[in-house]
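Residue numbers (full-length UniProt numbering), protein chains in the order written: chain S, 1 to 180; chain L, 1 to 212.
In short, the hints are calculated from the structure, not lab data. Where hints are given, some of them may not hold.
[Claimed, not checked] Capping the alpha-carbon separation at 27 Å, the derived lysine-lysine pairs in DSSO-like fashion look like this:
(1) S:K43 to L:K18
(2) L:K35 to S:K73
(3) L:K23 to S:K84
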Amino acid sequence: MAGSRLEKIGTIFNRVNGLLRSGALDPAERPIWFDVYHRFPPKVQPEYERPIPSQELRQIVYPEDLIRLNFYKIYGDSDVIDLKNESKKTTCQLFVDKYIALLNTAEDKEDLFMKTAETLKGQGVKLKNVNVKEVQEETLEDTKEKNKPNFSVKDILGDIPKKKTEDQAKNIMFDNLGLE
Amino acid sequence: MEEEPKEFLDDDYFGVRKLVTVKSLFEVGAHLGHKTGCRDPYMAPFLFGTRFDLDIIDLEQTKVMMQDALNFAAHIAYRGGVILFASRYRQTLDIVEQTAKDCGEYAHCRYWRGGSFTNSNVIYKGATRLPDLCIFVSVLNSVFETHTGVIDSAKLLIPTIGIVDTNCDPRIISYPIPANDDTPVAIKLYCELFKQAILAGKEKKKKDQLVN
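So here's chain S without its partners, still in its complex pose (with noise of 0.2 Å):
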């Protein structure tokens, strides 16, 4: 089929529009898709010469993404996640969840975090402060009395024979032989 070829000018609806008002092109011939596109043009049309759009986007962000920062801070992320399994809630999920309801009923809205905390470890979900180490205030006897052993040498060997005397040795060298 005659048709320019330069696909930067004009939409491919134009050029074939153009030949076909200009004669080049017999009406009979136009192809299938020319009156489905008359009828259902595109919203936008698929043109190369066009204004750069403004690339002003909003930022998404949600009120909660705030209390996630702050969980994650505190309390680290230790959860294992199957991927495959979308019903069971994130520890964090569970924390926002918690927060945002203690958001709407509590009365007292002070240190509302620590409270939601609270909350979740009173119902048994495991939370431990990433930031804390642990410190061992323990002094080396503490450790010692710690560490002492609760059985003794005879609860492993049993009652050790006491070293032999050189005259019971002697009655023994005789008792082997027989002799008085």
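Based on the hints, put chain L in the right spot on chain S.
The following block gives chain L in isolation, referenced to the frame of chain S:
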């Protein structure tokens, strides 16, 4: 003035517009775009916003544009047009080829030889019928430039439908559909929709021919 054919009287003659819902698109992650730095500037009007430097596509627009594209594809199938599915995305190649097979159309998911359209008479040794519609499931080639098929279709006055992600140029695609083109489940959904639309067009064609 010619009388309008009856399929043009109804906006949704094939009932394909109701196939698309924002929810189904959302569930397959069709709204997830690329990093802001990868954005093609001409995609900005189709975006909802950015979340932590990731572009999010506006599915309300996607829905309408997908409906238009499906309706167009169904009309082409109704008129007996040849439809070509094309993609250079290897991971979803089999899905696209299977879709084309299932709806009795054609697929080209391999290396695109230059001139396949523009020099077809020489390459195929004889007059060649080119497709009446090209559906690009991914409009980029293997080095993230616009698929040569898109440009050649525009040159040869063949309309195109294309899934354009946020890093694709939507300008010379007749019916661009802004959506994520990297997720296999999403590709599966688009292919299923195209298939249903084309089959609906063919079904209607059979029915109307019997009536006439």
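Quick rundown of the hints versus the structure:
In summary, the hint linking K43 of chain S to K18 of chain L is supported, as the alpha carbons are separated by about 18 Å, within the 27 Å threshold. For a cut-off of 27 Å, the pair hint linking K35 of chain L to K73 of chain S stands: about 25 Å separates their Cα positions. Restraint check for K23 of chain L and K84 of chain S: satisfied, since their Cα atoms lie roughly 19 Å apart, inside the 27 Å limit.
When held up to the earlier numbered hints, the structure conflicts with none and fits them all.
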